[in-house]
Each structure stands twice: as structure tokens, then as C-alpha cells.
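Student: Below, each chain spelled out in residue letters.
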Amino acid sequence: MSHYKMHLLVCAGTGCHASESDLVYEMLHDEVERKGLNDDVQVIRTGCFGFCEKGPIVKVLPDNTFYTQVKPDDAREIIDEHVIKGREVERLLYLDPETNEHVIDSKHMGFYKKQLRVALRNCGTIDPENIDESIARDAYMALGKVITEMTPQEAIDLIKRSGLRGRGGAGFPTGLKWEITSKNQSDRKFVVCNADEGDPGAFMDRSILEGDPHSVLEAMAICGYCIGASEGLIYIRAEYPLAIRRLKIAISQARSYGLLGDNILGSDFSFDIKLRYGAGAFVCGEETALINSMEGHRGEPTNKPPFPAEKGYLGKPTCVNNVETFANVPVIVLKGAEWFSSIGTEKSKGTKVFALAGKINNVGLIEVPMGITLREIIYEIGGGVKGGKKFKAVQTGGPSGGCLTEKHLDTPIDYESLMAAGSMMGSGGMIVLDEDDCMVSVAKFYLDFIVEESCGRCAPCRIGSKRLYETLDRITVGKGEQEDIEILKNLGSVIRDTALCGLGQTAPNPVISTLDNFMEEYVEHVHEKKCRSGQCRDLLYYVISEENCTGCMACTRVCPTHAISGERRQPHVINQEVCIKCGACMEKCQFDAISLMKDYPREVQLTTK
Amino acid sequence: MAVIKTLDDLKKRQEEMKSRVNLRDKAENPESLVQVKVAMATCGIASGAKEVMEFFVTELDKRSIDAVVTQTGCMGYCFAEPTVEITLPGKEPIVFGYVDAEKADEIIERYIKEGELVDGIIPQNYNTI
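Here the protein sequences line up with chains A and B, keeping their order.
Using my numbering, the letters of the first sequence map in sequence onto residues 198 to 806.
Using my numbering, the letters of the second sequence map in sequence onto residues 219 to 347.
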């Protein structure tokens, strides 16, 4: 029996891992050993704490001290000062940006105050590579309860009553999905965990798998019991090596304990889980494409119906759920459907994990009750927009979603309200944009992604999204016409109505929602050839100030297109028609006479022609 | 590792493993638990604070009292080391001086369990900011 007086938790999620948290762990471990503290102090690698902005994170227990941006060299000081002498290392504490004071523990950080961690309950608390720590925190208890005390239908009813909906984005009621699959008779059925997280900037599924893999394995087994399946498959992208490693460890530990395999907990229920790797295609997050990919075919969607619940993997009934959906299941079983449905809004129950990214102070992973407002997320948890800039929009739902603007800041977030605002829940990516972001470029960025990821099976998506992209590109380089805006509108609605799968149907969303909310920016790009945020390079103009120019001719000599004219000792002028905006002149000028302007006075432009 | 064959096996395993992580659960809500702070500066350690802390950690666990035992720096009462500050939920912290294993036992049995004050209290005569 261990009687460690202190626990040092080191974040070993991918984010902190990338900033040398592994080395921090090694150094702390070595230092503990060197000082002979092995019996008193336990150093543990855990999953993601969520506060990725300030990683690597080290948390000291029992006093709950929260150290941020710890470097391997700091290990000795933490051990010497904090562990041995009981004094906090102040310089490593989180500095509250508002009060400018050090915050000792995580409970007092704005980032954590409003969060409610259900799916992430164990992330950052347990060692994901040790099944015993998971068991100590209730892992497999829900499975035990379901197998010994409930019939499959009772368990399905429980999930239905809880109001849990698919966290992959579409929000289909989970209990209903299980019920449909359970009613389809077959000799073999499958439970599939969709871990093909493809939205740019989203990493909640990865963090759950890395921080608490057993919660997903347990929930898959529960699902198997409910629908009558004995085989589970996790479809995970090969780009998540750490998550794959931890899953493999977790599966083998669960097998050696008999918590996966034949006759689980003495019952006649058997269930085992295998991994299937994806190559990281966005479309494979769509369930029919995912199943095709698992079968070894091309990752292309097929028409629904038949739904996977009827004819899925190998033609057998298959229940596909997202990682985060599964992570909620054991808690619902243990705490009850009523507890779960008391959280959230009328139609969206429970919590949702969001990956907060972009121009925000506290980049990271958060879990909040449904119904929280965007304002609370951005200003209280997220700590506001970076650099005190003005908030412009937040992009939710990744390439399938849309933008929410200032007028949506006080809308309670749930599946329906996001849909009504022209965006969607999606898997939970949340990218904050400020005044320096050009909305046309944002739409173009997502369309570029869609064009890359379109599988090519249906024409509206394959050809249509390419045309959308080209039109946006024309606008951003200053060659847009009024009719281009019309093209975007019409093409967008045609693609939405005719594409085969979810990816195609939602592909125009970034365009449609930016058109709805930021039409004035499109109009400016098209008619004034101006980008107010200065992001579209082709709509910026190099201008020579008459006042500062000494007429030294240095710029005329470096200009590769001979766009600069002017006599010696006379102010020079750049011909905007010829200028290719390479910036060579600005670099060369010693008198700061050349500057980049967002809007060039049009009449001057005409005279230089 | 032994195979877990029944739900009771699993529950037993959980009980065994709980002590590994319950420190982490406790740390989330320290104000609802008994908090024991042992002064572990040079003066404290020299007078045996380490043994006292050890005693608190093992004994509180044995007597199944939910408590958080932490170490802290010098409280200033170097004359009375080892010193221990005890905070019962909802009460003001109280500092005990000259604590050895015997005293610690008395503190656990009488103050922590029963709420009776015992000898050796050092009156707090300063304010902190």
C-alpha cells in the first residue's frame, strides 16, 4: 500500500509533450530519486489538463499548486523549494492577467471556474497507462452495474432518458441509435468508436483517448452489451501515435484483468476491442465512409439508407459513436439519467468539450455545460481576445460549421441554437477571430481544406467546392466582380442540396455564413479592392511618401518589374498596375518612405497609370 | 496480475487502489476536510517534524479520517517546534506546539475526532495580510 505524501502530476498530453514535458517528468523523477524521496513523493504522467496555452503543466498535490510553462531545468527548484521546504516557486505560478497576481491553485483560475468536467473527468488526474488508477476512479464499475443489474433494454432506456446526443457534431440521440441497432437481428454486430477527428484545430477526442482511454473502452463494452455485439473496433487516425500507444496499453491491461474478453465479470457477456487505423482523411469521419475504409475499400461515403445500424461493417448491424459520446456513458450509468439531464438546456443535455484556439488568451481544452454563452467562454474561460484586440467572430464546427459574431455572444450554446445561428456544434473546434482576420480569407481557408479532402465521389462536392474556392480566390486577389458574390450564393445552396454526404452538404457553410454575417467585407473586396484587415496581400499597396522620399533611386534599382519611376532627387512613384508586391523596395529604402496601405486612393492610382 | 472475475472482485480492487489516488480527489476540495499542516522548515525538521508528519499521514489513514496532510514552511514558533496547524472544516485554524507522536495521537483522538481543545495551543497573536 502506498502512502505517498505528495503527488506531482505532469501533463503528458500531445501539447505539453511537444514542449518537453517528457523531459520535465524525467528530471523530476531523477531529482526525487536523488534526494531519496521515493517513498514520499510520486511523480505521475497524466492526460491533458486543458490549459495548453501555458504548458507544460505540473500540478503538486495535496496543496493543488498549479505550475505553468515548466522547463526541465525547473525540476530541481520545484523539488528543493516546494517539496522539501514547502515554499511555492512563485515565478512558475499562473499570473492572472487581470489582477497581475500569481494564482496558486487551479480552482482560482478563471479558466477552470466555469468548467464542468464530465467527459474529461479523469484527464489530468490519473496516469492513463495504469489501469489501477482508473479503477480507483470508478472505471468499469458502470460496466459491472449494467451487466449484473440491468437488461440491455433497461440500459438503453437509461441512456435514452439521459438525453445524451452524439458529440461528433450531428447530435443524433445516442440511446435511439443503440435501440435501432439492438433491434436488428444478426449473427454478428459491431460497436465502432469514431476517433477520426478531422476538424482543423480540434483535439478533444485525442485528449480523451490520451488521458482516459478506459472510459471509452468501458463505454464500448456497455454499448456492446446493449446492442448484442461482442466485437468493438476503434477507428483512429495514424496521426495520433500517442493516443494509439495508450489505447494499446489500456486494451492489453483490460484484457489481462478480464475486463475485456470472454465472460466479463463472470457473466456470459463477451466483448473485445481491436484498433483500425485511418490515414487521416476528413471524409472518413462520416460513418459510411469510415466503414468503407475499415473494410479496406476507398474512404468514400455511400447512400443512406441503409444506415449502418442496419447494414454496416461487413454488412452487419453496426453502431458508430464518437469518442466523447462514449466517454459520457459510464458517468450516466453510475450517476443516473436524471443527474445527467439536469445539466444543460432543454434539448441538449450534459456538457460539451471544446478546443479553444485562435486569437484567444487561454488556448486549450475546455468542458462546459450546454447552454453556457459564447461570452462566458471567450471572456471568462478564454481570458479574452489576445493583445486586447477587438473580437470579430468565432468559427465553430470546423469546415462544416460557420461563424458566430458579436450579436451571438449571448446566445446559449446548444445544438439547436448554433444551427439557428447558421453554424453547428460540430465536433467542438472553436476558433476565435479578431479584427485582423479577413473573413473572405477564412472562408477560403476552409474551402481549400474541403477541396483537398473531398473524396470525389459526387460531382457537387468534387467540382462545386473547387469552383467555390476559385471564386473566393478571385475575390481575395482583387479580381472579383459583383457576379462572383451571386455565384457564391447560388452554388452554395446547390451544393448544400445535392451533395451525397455530410461533408459535401456542409462544405459551403463557411461561405454562406460569412456572406450572411460579413457581406460588407465581400463588397469591399469586390468593389473597392480593399481588405480592411490587411490580410489579402494582393489588396495591399506599396506607396512612396512624397515627404520622406529623397529620390535616391535605390528602390528603382531593386524593383524586379521596373514599376518605380522618378527622377534623381525627385519623389518616386510606384505604378500599381505593374507592381507585383514583392516588398523589395520597402526593404531597400533607408528613409522609411515606403509603406503598405490597406486602401490606396483610387484617383492617385489612376494618375499613375 | 489477477483476473477480475466478478463485480465484487472489481469493487475490492477499487478499494485497494483508492489510496493511490484519493489524495487527488481530496486536493480538489480541501476546505471540506480536516487540514493538517506540519511546519517543515529547518527548525521543524531538526525537532522531528518529519516523524510527526509520517505519524499523521499513516494514522489518519488507519483511523479512516478524511484529511489532507501537507507540509508548510516555518510558522515562526521555532521555540515550540514541531508545530502543527489543524483546520477543522468550518473552523478557525489552531496551531499546536511541541508535537511528538504522543501529542499527535492526543490531537487526533481528542481535537480532530471530538473537537475538544487540548494543551499545547499556541495563541495566534499576529495578523496576516
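Just so you know, not all the hints are guaranteed correct.
Unchecked claim - Some chain A residues well away from chain B (every beta-carbon gap over 12 angstroms; in silico): (1) K256; (2) T345; (3) K380; (4) S464; (5) K544; (6) K604; (7) H724.
Unchecked claim - Restricting the straight-line Cα-Cα distance to at most 25 angstroms, the calculated cross-link-like pairs of lysine to any residue (SDA-like) are: (8) K236(B) - Y738(A); (9) K445(A) - V221(B); (10) K280(B) - N261(A); (11) K785(A) - V755(A); (12) K321(B) - E269(B); (13) K232(A) - S265(B); (14) K778(A) - V720(A); (15) K268(B) - Y201(A); (16) K532(A) - D226(B); (17) K230(B) - C746(A); (18) K532(A) - N240(B); (19) K342(A) - D243(B); (20) K268(B) - R273(A); (21) K304(A) - K236(B); (22) K282(A) - A319(B); (23) K778(A) - C746(A); (24) K357(A) - V315(A); (25) K268(B) - V286(A).
These are computed hints drawn from the structure, not numbers from a lab.
If you're wondering where the values come from, they're calculated on a predicted model, not measured in any experiment.
C-beta: ideal position from N, C-alpha, C; glycine also.
Student: Each of the hints needs a verdict: does it hold here or not?
Tutor: Hints, verified against the model:
At roughly 9 angstroms from the closest C-beta of chain B, the C-beta of K256(A) falls inside 12 angstroms, breaking its exclusion from the interface. The Cβ of T345(A) does not lie farther than 12 angstroms from every Cβ of chain B; its closest approach is about 5 angstroms, which violates its non-interface assignment. Interface exclusion of K380(A) from chain B stands, the closest Cβ pair being 28 angstroms apart, more than 12 angstroms. Its beta-carbon lying about 9 angstroms from the closest one in chain B, S464(A) breaks the requirement of being farther than 12 angstroms from that chain.
The Cβ of K544(A) lies farther than 12 angstroms from every Cβ of chain B, with a closest approach of about 31 angstroms, so its non-interface assignment holds. Here K604(A) stays apart from chain B, with its beta-carbon at least about 37 angstroms from theirs, past the 12 angstroms limit. The claim that H724(A) lies off the interface holds: its Cβ sits roughly 57 angstroms from the closest Cβ of chain B, which is beyond the 12 angstroms cut-off. Proximity of K236(B) to Y738(A) is assessed by CA-CA distance (about 66 angstroms); at most 25 angstroms being required, the pair is judged violated.
Distance hint between K445(A) and V221(B) is fulfilled; the C-alpha atoms sit about 18 angstroms from each other, no more than 25 angstroms. Between K280(B) and N261(A) the alpha-carbon distance is near 23 angstroms, which keeps this suggested pair within the 25 angstroms criterion. The straight-line distance between the Cα atoms of K785(A) and V755(A) is roughly 8 angstroms, inside the 25 angstroms bound, and the hint therefore holds. For the hint pairing K321(B) with E269(B), the CA-to-CA distance comes to about 12 angstroms; that is within 25 angstroms, so the pair holds.
Distance check on the hinted pair: K232(A) and S265(B) sit about 20 angstroms apart at the alpha-carbon level, within 25 angstroms; holds. Restraint check for K778(A) and V720(A): satisfied, since their Cα atoms lie roughly 23 angstroms apart, inside the 25 angstroms limit. Taking the CA atoms of K268(B) and Y201(A), the gap is near 14 angstroms; set against the 25 angstroms cutoff, the hint holds. At most 25 angstroms may separate the alpha-carbon atoms for a hinted pair to count; K532(A) and D226(B) meet this at roughly 19 angstroms.
Of the supplied pair hints, the one linking K230(B) and C746(A) is violated, its CA atoms being roughly 83 angstroms apart against a limit of 25 angstroms. Restraint check: the Cα-Cα separation between K532(A) and N240(B) comes to about 19 angstroms, which is no more than 25 angstroms; the hinted pair holds. The suggested pairing of K342(A) with D243(B) holds, with an alpha-carbon distance near 23 angstroms, which does not exceed 25 angstroms. A hinted pair counts as satisfied when its Cα atoms are at most 25 angstroms apart, and K268(B) with R273(A) qualifies at roughly 21 angstroms.
Distance check on the hinted pair: K304(A) and K236(B) sit about 23 angstroms apart at the alpha-carbon level, within 25 angstroms; holds. About 21 angstroms separates the Cα atoms of K282(A) and A319(B), which keeps this hinted pair within 25 angstroms; it holds. Between K778(A) and C746(A) the CA atoms are separated by roughly 19 angstroms; this keeps the pair inside 25 angstroms, and the hint holds. Pair hint K357(A) plus V315(A) holds up; C-alpha atoms about 18 angstroms apart against a cutoff of 25 angstroms.
Only pairs whose Cα atoms come within 25 angstroms are accepted, and K268(B) paired with V286(A) is accepted, the gap being roughly 22 angstroms.
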